[in-house]
Each structure stands twice: as structure tokens, then as C-alpha cells.
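Residues in the sequence shown are numbered from 1 upward in steps of one, following UniProt numbering.
Simulated from the structure, these hints should not be mistaken for lab results.
Any given hint might turn out to be false.
Here are the in silico distance ranges between beta carbons for each label pair [as the list claims (entries may be wrong)]:
#	residue 1	residue 2	range
1	128	21	34 to 40 Å
2	24	44	22 to 28 Å
3	19	74	20 to 26 Å
4	160	190	27 to 33 Å
5	75	106	20 to 26 Å
6	26	133	39 to 45 Å
7	167	136	34 to 40 Å
8	82	23	46 to 52 Å
9	44	14	49 to 55 Å
10	16	126	22 to 28 Å
11	195	11	56 to 62 Å
12	41	14	15 to 21 Å
13	1	77	45 to 51 Å
14	126	13	48 to 54 Å
Each residue gets a CB set at the ideal place from its N, CA and C atoms; glycine is no exception.
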Amino acid sequence: MRREEVARLAGVSFDYYARLEQGRVGHVSDAVLKGVADALSLDAAERRYLRDLLAAPRRPSTATPPARRERVRPTVRRLVDTFGDVPVMVTGRGLDVLAVNALAAELFFDPAAERNLAVWTFLVPEARQRYVEWRRIAEGMADGLRLQAASDPGDARVAEVIATLRERSADFRLMWAKQGAFECTFASVLMRPPWSASSGSTARPSRCRATPSSA
1 MRREEVARLA
11 GVSFDYYARL
21 EQGRVGHVSD
31 AVLKGVADAL
41 SLDAAERRYL
51 RDLLAAPRRP
61 STATPPARRE
71 RVRPTVRRLV
81 DTFGDVPVMV
91 TGRGLDVLAV
101 NALAAELFFD
111 PAAERNLAVW
121 TFLVPEARQR
131 YVEWRRIAEG
141 MADGLRLQAA
151 SDPGDARVAE
161 VIATLRERSA
171 DFRLMWAKQG
181 AFECTFASVL
191 MRPPWSASSG
201 STARPSRCRA
211 TPSSA
């Protein structure tokens, strides 16, 4: 769709819309945001991304503090361990893996001190065999990281993960350039377990809250 058409459908002038795209508008009203989002037929995640993107220049620029490690509450960790017959994983900012049960560790990771689901997906060749639909999952992770970066531009850990992937993964660079915005709240991920040639294991992502570590 041409810019002129988007501006017309959004109810703003072409000049205003051009300045909006360039980040040269100081304040954007909710009505204009809704008009632009409707004109572009954005979904809920894309609308949030647009709002965060336009809000970023107005946030005060402060020195980014070192990223604090996240941790899950002991009750969540105990809950994770109770699931013996399904893989369970808890992720935090930048898709850092905060807790896994034994089956998830066997399905996704070899024992390691540092674990990150996005890094594993893009940089470990074995991940392409484990995911039945690797490209769909990888694109969703790239879009999800973009949403995290837009919602909290000062998050040092998210920025670090994105920088690592942009430097080391050509696939991530291509997916990042697409400028998608996707938030997965509930979906099925079909996996090929290492102990079986069939694709019979299904992971279902969901949410739980982690807390910053005091360490």
C-alpha cells in the first residue's frame, strides 16, 4: 500500500504520515495510532510494536545498567520438576532459559551453565533437526525478540542476545530485516526427540513470571 493511501485511510495528511515514519513527530495521539494501525490492518502484536516504536524516542535516555540475572520462584521450579512425562521450560528476557525439567533438558540442551532458546535455535545445527518446522519457529523467535526490544529499549540482556544473533547467524539477519512483530502466547511446537526417529513430541509454550535475581 502506498504512503498516500495509508495516510488517507488513517485520516492524516501525507506530510504528517511521512514525518511519523521518520520519527519526527513529538506526540502521537491514540486516535492517530489507531487510524494508522487500522489502515495497515495490523494485528494485536503489531499494534503494540507500533506503539512501543513511536514511544521510544520520547523515553529519557539513560545509561543502560548491567543486565540482572532473572530467576524463577521456588514454587515455579518445583512445579516444573513435577512434570515427568512432558518437556517443561521457563524462559525469561531475551529467551534465556531459567528452568527446565529433565525431559526438556534432554530434548533441547546438553548440560550447560548458559542456556538461551534463541541462541540454541539459530546457532546449534542440531536444532534444525529437532524442530519439525524450524523456519516458522525461528521467525517467531526473531519477531518476539523485536517486540521485547521495542517494549524495553534499555534492556541490556535482550540487546546482547540480538547482537549475538545478528553477528553470528545469516538466517537471523534475514528474518530480522523483515520487521515482523509476533507474540506467541500459546502454540504447539512439533519436535523430533533425539531418542526417536518419529516427530511425536509436542511442546506448548505458555507464560509465567520470573523475578530479577539479587545476585
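Query raised in the report: Which numbered hints does this structure break?
Result: 3, 7, 9 and 10
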